[in-house]
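Asks: One-letter residues, chain by chain:
Protein chains: 2
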Amino acid sequence: MQTVSAMDQSALTAKETDLTARLAEFTAQNLNLDMTRGKPCTAQLDLSLSLLSAPGRHFNAADGSDCRNYGGLDGLPEMKALFAELLDTAAEQIIVGGNSSLTLMYDALVRAKLFGVPDGDGPWTHQGNLKFLCPSPGYDRHFAITEHLGFELIPVDMTADGPDIQRIEELVAADPGIRGIWCVPKYSNPTGVTYADAIVKRLAAMPTAAPDFRIIWDNAYAEHHLTGEADALLNILPECQRAGHENRALVFASTSKMSFPGAGVAVMAASPENIADAKQHLAMQTIGPDKLNQLRHLELLPNLESVRAHMRHHAEVIKPKFDAVQRILHRELDGTGAATWTNPRGGYFVSLDTGDGCARNAVRLAAQAGVKFTAAGAPFPYGRDPRDRNIRIAPTFPTLEEIETAMQVLATCVLLAVVRQGLRAG
Amino acid sequence: MQTVSAMDQSALTAKETDLTARLAEFTAQNLNLDMTRGKPCTAQLDLSLSLLSAPGRHFNAADGSDCRNYGGLDGLPEMKALFAELLDTAAEQIIVGGNSSLTLMYDALVRAKLFGVPDGDGPWTHQGNLKFLCPSPGYDRHFAITEHLGFELIPVDMTADGPDIQRIEELVAADPGIRGIWCVPKYSNPTGVTYADAIVKRLAAMPTAAPDFRIIWDNAYAEHHLTGEADALLNILPECQRAGHENRALVFASTSKMSFPGAGVAVMAASPENIADAKQHLAMQTIGPDKLNQLRHLELLPNLESVRAHMRHHAEVIKPKFDAVQRILHRELDGTGAATWTNPRGGYFVSLDTGDGCARNAVRLAAQAGVKFTAAGAPFPYGRDPRDRNIRIAPTFPTLEEIETAMQVLATCVLLAVVRQGLRAG
Numbered sequence: 000m001q002t003v004s005a006m007d008q009s010a011l012t013a014k015e016t017d018l019t020a021r022l023a024e025f026t027a028q029n030l031n032l033d034m035t036r037g038k039p040c041t042a043q044l045d046l047s048l049s050l051l052s053a054p055g056r057h058f059n060a061a062d063g064s065d066c067r068n069y070g071g072l073d074g075l076p077e078m079k080a081l082f083a084e085l086l087d088t089a090a091e092q093i094i095v096g097g098n099s100s101l102t103l104m105y106d107a108l109v110r111a112k113l114f115g116v117p118d119g120d121g122p123w124t125h126q127g128n129l130k131f132l133c134p135s136p137g138y139d140r141h142f143a144i145t146e147h148l149g150f151e152l153i154p155v156d157m158t159a160d161g162p163d164i165q166r167i168e169e170l171v172a173a174d175p176g177i178r179g180i181w182c183v184p185k186y187s188n189p190t191g192v193t194y195a196d197a198i199v200k201r202l203a204a205m206p207t208a209a210p211d212f213r214i215i216w217d218n219a220y221a222e223h224h225l226t227g228e229a230d231a232l233l234n235i236l237p238e239c240q241r242a243g244h245e246n247r248a249l250v251f252a253s254t255s256k257m258s259f260p261g262a263g264v265a266v267m268a269a270s271p272e273n274i275a276d277a278k279q280h281l282a283m284q285t286i287g288p289d290k291l292n293q294l295r296h297l298e299l300l301p302n303l304e305s306v307r308a309h310m311r312h313h314a315e316v317i318k319p320k321f322d323a324v325q326r327i328l329h330r331e332l333d334g335t336g337a338a339t340w341t342n343p344r345g346g347y348f349v350s351l352d353t354g355d356g357c358a359r360n361a362v363r364l365a366a367q368a369g370v371k372f373t374a375a376g377a378p379f380p381y382g383r384d385p386r387d388r389n390i391r392i393a394p395t396f397p398t399l400e401e402i403e404t405a406m407q408v409l410a411t412c413v414l415l416a417v418v419r420q421g422l423r424a425g
Numbered sequence: 000m001q002t003v004s005a006m007d008q009s010a011l012t013a014k015e016t017d018l019t020a021r022l023a024e025f026t027a028q029n030l031n032l033d034m035t036r037g038k039p040c041t042a043q044l045d046l047s048l049s050l051l052s053a054p055g056r057h058f059n060a061a062d063g064s065d066c067r068n069y070g071g072l073d074g075l076p077e078m079k080a081l082f083a084e085l086l087d088t089a090a091e092q093i094i095v096g097g098n099s100s101l102t103l104m105y106d107a108l109v110r111a112k113l114f115g116v117p118d119g120d121g122p123w124t125h126q127g128n129l130k131f132l133c134p135s136p137g138y139d140r141h142f143a144i145t146e147h148l149g150f151e152l153i154p155v156d157m158t159a160d161g162p163d164i165q166r167i168e169e170l171v172a173a174d175p176g177i178r179g180i181w182c183v184p185k186y187s188n189p190t191g192v193t194y195a196d197a198i199v200k201r202l203a204a205m206p207t208a209a210p211d212f213r214i215i216w217d218n219a220y221a222e223h224h225l226t227g228e229a230d231a232l233l234n235i236l237p238e239c240q241r242a243g244h245e246n247r248a249l250v251f252a253s254t255s256k257m258s259f260p261g262a263g264v265a266v267m268a269a270s271p272e273n274i275a276d277a278k279q280h281l282a283m284q285t286i287g288p289d290k291l292n293q294l295r296h297l298e299l300l301p302n303l304e305s306v307r308a309h310m311r312h313h314a315e316v317i318k319p320k321f322d323a324v325q326r327i328l329h330r331e332l333d334g335t336g337a338a339t340w341t342n343p344r345g346g347y348f349v350s351l352d353t354g355d356g357c358a359r360n361a362v363r364l365a366a367q368a369g370v371k372f373t374a375a376g377a378p379f380p381y382g383r384d385p386r387d388r389n390i391r392i393a394p395t396f397p398t399l400e401e402i403e404t405a406m407q408v409l410a411t412c413v414l415l416a417v418v419r420q421g422l423r424a425g
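In order, the protein sequences belong to chains L and F.
The letter at position 153 of the first sequence is residue 152 when you use numbering that gives the first Met the number 0, and the numbering goes up by one with no holes.
The letter at position 315 of the second sequence is residue 314 when you use numbering that gives the first Met the number 0, and the numbering goes up by one with no holes.
No wet-lab data here; the hints were simulated from the structure.
It is possible that part of the hints are untrue.
Calculated from the model, a selection of chain L residues having no Cβ within reach of chain F, i.e. all distances over 12 Å [stated by the list, open to error]:
no.	residue
1	23
2	231
3	233
The calculated SDA-like cross-link candidates involving lysine to any residue, where the alpha carbons are at most 25 Å apart (straight line), are [claimed, not checked]:
no.	chain 1	residue 1	chain 2	residue 2
4	F	278	L	59
5	F	278	L	35
6	L	38	F	57
7	F	38	L	59
8	L	38	F	280
9	F	278	F	240
10	F	200	F	90
11	F	38	F	381
12	F	130	L	42
13	L	371	L	42
14	F	371	F	15
15	F	278	L	280
16	F	130	L	126
17	L	200	L	237
18	L	371	F	71
19	F	278	L	110
20	F	38	L	76
Each residue gets a CB set at the ideal place from its N, CA and C atoms; glycine is no exception.
Only chain L is shown next, with the shape it has when bound in the complex:
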């Protein structure tokens, strides 16, 4: 196949006619497909059906306490132990929260604003124009939290190894206003990249102008492998400690994409000082997390081994969907030069880059044909992709058949956008 960039105007015109006709055929099918949502499908949810009638009559924690009643601020000891194993840290460095790790991150930043954090100089609200680093493309809801809380968002490019660490080092060394960075370090949203060990070490060790710089380490996909070969992620907490920055990293995880996204269990892991600091505020904010939901989860997922077995079942459900994305995109786009895309070994997304200036057009064309993709630009600070080239694909929720159709539509729209750009440029 000829690459689009090598086509002359008459070839482009012919191709545009072809693609327009093909898109019209899809449009005629009255499709109504949604590829926007990084959420599990029904077959995945059904893997945890036993939760729906748990814990039954077993409402006591291992220490004998009645989980139905008041008591306990930071989670059941057995739930802390499970997450300690999962995150390779000490149970004392875990706080179990409610059903949303996003809430734990938001609240951590709210505490920083209102009260300050260890190593810092009091409430961040009183410290002028503060900034947050946003490796991009990244997770839109992360960026939205810091925008909402008044931080200026500083984009940093994602590379195949993690965020552009040299750029980060330069920025944080120079500017005390930069107070943190968002990281999805494993199977990152949306590029699927797992941070290389060297990147983790440099993030932990880099000198920062702000003494209370924080890494929000959202390990959302810690056990969410798609293949038999799990990516290995270096544990950031001991790296920070070794580098003399023990309080730098706040680690988050949850069972949202293990059990039920709407009714899971979320946790924060951090240094003893950060944990003690968080607890003194939580003691005012809450009566403690839902202990019965922790009991339920411990029945389904009593240990790391059971988590891994459970996650293999998830992979069995969704791997064919990710494979379909690859298959169709290769079939339709190989040789066109119109796009490159990731082939992740875990996580929930495929990230596609088309020609600069073509992503919004492609997404708009697909929407007109009845196939919704995440708004182009959404994975970038302020929703603006500076090159307007990135499209996020979320294959877990739709059926295999829907994905196959949606990918054909996307490939057609990407090609059409690139061809039309060629025509305009000619």
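Got chain L; can you put chain F on it based on the hints?
Replies: Just chain F, lined up with the frame of chain L:
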């Protein structure tokens, strides 16, 4: 029986000897009783056992959505409808939260600090020394939240009709730094008072120097009657609206003391503008509350009628305990002039006032005899009871037998503290 105040020194000395000997008998029993905790007993928790295996295979909401997955910010429509009925307001004016109404209150005040509230002038953090009114005795965890968030706490006396409204009117009219008041308007913690209609109307209508004054209306005991005659509480939301202060009241409630304190469902009700304001922040803070737990609760408590029937069962369990408190206190203290106490028609507490300067001594003596009461002073701002006379009694959790013993110990200690004060004064 002779009142203590009428006793001469020799009578006091004899009485002190008697009481000391009696207390020594209790101490010899090696008691270990805890009357501090306003939490349901096991028999109460057992009323909601069906929650432990719910919702079973019924995981869809009334609108067909899968409650296991992501989606929904402010609660299931059917759960909003239930609380709307319970709080006599519109479902659109309800936000369903997680398992803790205390968290909803804390977060509402955090939002006020960081972002400001409708009718106000931006973030409260930038507005100098702010204050909060604390009707006392009241709920220690309320006062602790505002102390933690940097408000100055202003005590206001509780009367038999509610807080001292004339004092409140004077304070809020004069000082724009006063931004709110804590209220437990029904079967209040700990005095059991339900605010009179006139008090509710004046709270809603009073002019305030701060345009964004807020009433935190913690209706924790809305349906928590002890007798067949339920107290009636005037609905504050329409009263505020009628008075032109539509955004003044934030109403909170929960199922904590209906179902399970650790795993219930909490809500906020407020004006449409307050609700819209809260939602724009919640959209950043959370993926939404646990919908499965709402489904569970809707199975147990599908409507107001079922809530009321359920609460009658609670009353059957705990009314004998409250009766025992009254019986023993009357038997031991009538005619002594050493104490007065409330006889609540609902809620979770009995509030006892002994002689000025005697509460801490009485609580200390009881602790030495193996019976723990809430720290004297705890129900007051900064934990300081200016008259050192109030003792909070929480009869729900211990057994009837434990309560009978504990009340005998308390009566003995109260008398002893008053007698010793008389001896010192003599």
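Asks: Please verify whether residue 130 (chain F) and residue 126 (chain L) have alpha carbons no more than 25 Å apart.
Replies: holds, 23 Å
Asks: Straight-line Cα separation of residue 371 (chain L) and residue 42 (chain L) no greater than 25 Å?
Replies: holds, 22 Å
Asks: Just to be careful, I want the Cα atoms of residue 200 (chain F) and residue 90 (chain F) compared with a cutoff of 25 Å; is the pair within it?
Replies: holds, 23 Å
Asks: Report holds if the minimum CB distance from residue 233 (chain L) to chain F is greater than 12 Å, and violated otherwise.
Replies: Given a closest Cβ separation of 28 Å, the condition holds.
Asks: Check the hint pairing residue 38 (chain F) with residue 381 (chain F) against an upper bound of 25 Å on the C-alpha distance.
Replies: Holds, at about 23 Å.
Asks: Just checking, residue 231 (chain L) versus chain F, shortest CB gap more than 12 Å?
Replies: holds, 28 Å
Asks: Mind checking the alpha carbons of residue 371 (chain L) and residue 71 (chain F) for me, to see if they're no more than 25 Å apart?
Replies: holds, 20 Å
Asks: Between the alpha carbons of residue 130 (chain F) and residue 42 (chain L), is the straight-line distance 25 Å or under?
Replies: violated, 53 Å
Asks: Residue 278 (chain F) and residue 35 (chain L) were given as a pair; does the straight-line alpha-carbon distance stay at or below 25 Å?
Replies: holds, 22 Å
Asks: Taking only the CA atoms, is the gap from residue 200 (chain L) to residue 237 (chain L) under or equal to 25 Å?
Replies: Between residue 200 (chain L) and residue 237 (chain L) the Cα gap is close to 10 Å, so the pair holds against 25 Å.
Asks: Holds or violated: are the alpha carbons of residue 278 (chain F) and residue 59 (chain L) at most 25 Å from each other?
Replies: With Cα atoms ~35 Å apart, residue 278 (chain F) and residue 59 (chain L) exceed 25 Å; violated.
Asks: Taking 25 Å as the top limit, are the C-alpha atoms of residue 38 (chain F) and residue 59 (chain L) close enough?
Replies: holds, 16 Å
Hint violations for this structure: numbers 4 and 12, all remaining hints satisfied.
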